[in-house]
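If you read the protein sequences in the order shown, they are chains A and B. Take the first sequence: its letter number 220 is residue 235 in the working numbering, and every next letter is one higher. Take the second sequence: its letter number 107 is residue 122 in the working numbering, and every next letter is one higher.
None of these hints come from the bench; they were simulated from the model. Among these hints, one or two may not hold up.
To be verified - Covered stretches of chain B, as calculated for chain A (at least 3 residues, CB under 8 Å):
hint	stretch
1	186 to 198
2	201 to 209
3	237 to 247
4	270 to 279
No residue lacks a Cβ here, since even glycine has one placed at the ideal position from N, Cα and C.
Take a look at the letters that make up each chain.
2 protein chains.
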Amino acid sequence: MTLAILRSLPRVKVVGYTHRTATRRRARQLAVATEVASEITESVSRADLVVVATPVCSFDEIFGAIADALPVGCIVTDVGSTKVLAHRWATKRLPKTAYYAGSHPIAGSEQRGVEFARDDLFEQTTCILTTTKQTNRKAVQTLRRFWSILGCSVKLMTPAEHDRIFANISHLPHIMAAALMNANDVEELKLASQGFIDTSRVASGPANIWADVLLTNANNTIRGIDRITAELAKLKTAIKAQNKRQIEKLLEKARDKRRALINYKMKKRELIP
Amino acid sequence: MTLAILRSLPRVKVVGYTHRTATRRRARQLAVATEVASEITESVSRADLVVVATPVCSFDEIFGAIADALPVGCIVTDVGSTKVLAHRWATKRLPKTAYYAGSHPIAGSEQRGVEFARDDLFEQTTCILTTTKQTNRKAVQTLRRFWSILGCSVKLMTPAEHDRIFANISHLPHIMAAALMNANDVEELKLASQGFIDTSRVASGPANIWADVLLTNANNTIRGIDRITAELAKLKTAIKAQNKRQIEKLLEKARDKRRALINYKMKKRELIP
Numbered sequence: 016m017t018l019a020i021l022r023s024l025p026r027v028k029v030v031g032y033t034h035r036t037a038t039r040r041r042a043r044q045l046a047v048a049t050e051v052a053s054e055i056t057e058s059v060s061r062a063d064l065v066v067v068a069t070p071v072c073s074f075d076e077i078f079g080a081i082a083d084a085l086p087v088g089c090i091v092t093d094v095g096s097t098k099v100l101a102h103r104w105a106t107k108r109l110p111k112t113a114y115y116a117g118s119h120p121i122a123g124s125e126q127r128g129v130e131f132a133r134d135d136l137f138e139q140t141t142c143i144l145t146t147t148k149q150t151n152r153k154a155v156q157t158l159r160r161f162w163s164i165l166g167c168s169v170k171l172m173t174p175a176e177h178d179r180i181f182a183n184i185s186h187l188p189h190i191m192a193a194a195l196m197n198a199n200d201v202e203e204l205k206l207a208s209q210g211f212i213d214t215s216r217v218a219s220g221p222a223n224i225w226a227d228v229l230l231t232n233a234n235n236t237i238r239g240i241d242r243i244t245a246e247l248a249k250l251k252t253a254i255k256a257q258n259k260r261q262i263e264k265l266l267e268k269a270r271d272k273r274r275a276l277i278n279y280k281m282k283k284r285e286l287i288p
Numbered sequence: 016m017t018l019a020i021l022r023s024l025p026r027v028k029v030v031g032y033t034h035r036t037a038t039r040r041r042a043r044q045l046a047v048a049t050e051v052a053s054e055i056t057e058s059v060s061r062a063d064l065v066v067v068a069t070p071v072c073s074f075d076e077i078f079g080a081i082a083d084a085l086p087v088g089c090i091v092t093d094v095g096s097t098k099v100l101a102h103r104w105a106t107k108r109l110p111k112t113a114y115y116a117g118s119h120p121i122a123g124s125e126q127r128g129v130e131f132a133r134d135d136l137f138e139q140t141t142c143i144l145t146t147t148k149q150t151n152r153k154a155v156q157t158l159r160r161f162w163s164i165l166g167c168s169v170k171l172m173t174p175a176e177h178d179r180i181f182a183n184i185s186h187l188p189h190i191m192a193a194a195l196m197n198a199n200d201v202e203e204l205k206l207a208s209q210g211f212i213d214t215s216r217v218a219s220g221p222a223n224i225w226a227d228v229l230l231t232n233a234n235n236t237i238r239g240i241d242r243i244t245a246e247l248a249k250l251k252t253a254i255k256a257q258n259k260r261q262i263e264k265l266l267e268k269a270r271d272k273r274r275a276l277i278n279y280k281m282k283k284r285e286l287i288p
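With these hints in hand, go ahead and build the complete structure from the sequences.
Structure follows, in structure tokens:
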């Protein structure tokens with residue numbers, strides 16, 4: 016995040032803060048920011064823009080901790096993967112003189128830590144900005160420019176719309192990958208080939224980050240688990256009945272839907288053939 | 016398959032057969048075999064080795080169709096993804112003068128058709144040979160050499176062991192990918208990023224091939240679906256209860272298991288970091 020800002024906005028001063036002393040030290044050694052503050056209030060006290068990049072459940076506390084230190088007119092955003100609660104906590108905790116909108120840059124990998132920092136993290140990616148009727152328009156324009164300069168194509172959504180869509184495209188795949196790993200014995204997996212490796216990849220993501228994502232998007236995620244469970248039951252019933260036509264129908268439907276998705280992504284140049 | 020044999024065993028005569036006239040014509044145009052026979056019996060009548068590469072459920076009929084045309088001492092194998100029924104059908108249909116063992120080269124992609132034929136398909140892959148107490152030892156030695164020459168590292172298993180393991184590492188990921196696609200609306204998936212694309216990739220495999228795989232490995236697959244459903248229910252319960260510690264525990268378990276798998280694969284040089 017900070018490296019991407021330093022590269023794309025070289026005259027901007029990037030002040031980093033993290034609560035762990037050792038991580039602050041490493042961040043200074045690796046020079047991932049112009050400056051690494053030792054206090055959270057110090058890190059935001061002269062900021063034009065504050066980007067919170069911590070697990071979602073910490074936003075409530077962090078917004079509270081920075082509220083009094085924010086300069087008048089400061090824009091606050093976050094890069095969390097769920098948005099309804101982030102907006103709620105911002106409304107509750109941040110002063111009226113600071114302007115909040117949510118950001119969700121769809122970037123990153125299952126790797127985590129300051130060692131994996133990359134300055135091209137956002138190139139060719141999409142960033143969702145979440146806004147409500149209460150959101151300050153100028154703040155949205157500034158954030159739109161900020162993410163564009165970092166290389167993102169920016170899309171606007173409401174927090175509710177965001178959380179519904181991301182439950183389906185992101186949180187459910189994570190849950191399925193985790194369930195696939197947990198349902199199997201590692202000894203039995205030694206012959207696993209690329210199919211298994213790909214299907215389970217996202218399960219290597221950080222557990223604490225993902226726990227917060229699932230907790231803060233509980234209803235959408237639970238509805239998704241119910242839909243997946245129903246689809247698994249359909250396949251099970253067809254297999255149990257040795258109903259070849261029905262199994263083929265279900266697999267063809269899945270194949271057709273994925274083909275439509277891949278075609279769309281290729282047309283948008285978001286996937287390379 | 017045939018291209019790989021032609022490249023690795025240039026002095027071997029490869030006779031192809033497929034029941035579709037148009038595919039035979041294309042196979043001749045693309046020269047994927049030394050010769051393409053117009054009758055199935057003709058394709059095997061002078062063979063030392065017969066490789067059946069059709070959907071699993073067709074083996075019963077195909078073994079029956081070739082039985083009388085097989086030369087004495089001919090070795091018969093198949094490249095299907097399930098093995099218990101393949102062995103049962105071979106025992107029932109093939110003459111005692113022909114020697115059967117199952118093969119499962121773990122290669123190929125979700126693409127299919129003679130246009131996607133590749134002569135390096137088996138390089139750096141594993142091929143499982145399935146054998147029972149009845150299997151002819153010399154036939155196993157010949158098949159072992161055959162697959163080794165094509166570039167495979169060969170492993171022996173019983174058909175039952177094979178089908179149990181492949182239900183877990185291959186058939187279940189396919190079912191999950193299909194369920195994930197079918198549980199979602201394509202319109203809602205337009206923002207899907209690499210995580211979703213990877214998790215769902217195997218759902219693009221051919222429906223008729225996979226229907227046969229699931230039908231012929233029904234019990235193992237159903238047991239797998241039940242285990243996955245139980246794991247999904249555990250996650251759902253923890254999310255519903257907003258039990259952060261329990262969600263983290265389940266996600267950490269999945270992450271640890273996948274790390275162990277990836278480490279094993281890297282040590283065996285089956286995955287490049």
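Results for each hint:
no. : hint       : result
1   : 186 to 198 : holds (count 12)
2   : 201 to 209 : holds (count 7)
3   : 237 to 247 : holds (count 10)
4   : 270 to 279 : holds (count 8)
Checked against the numbered hints above, the structure breaks none of them.
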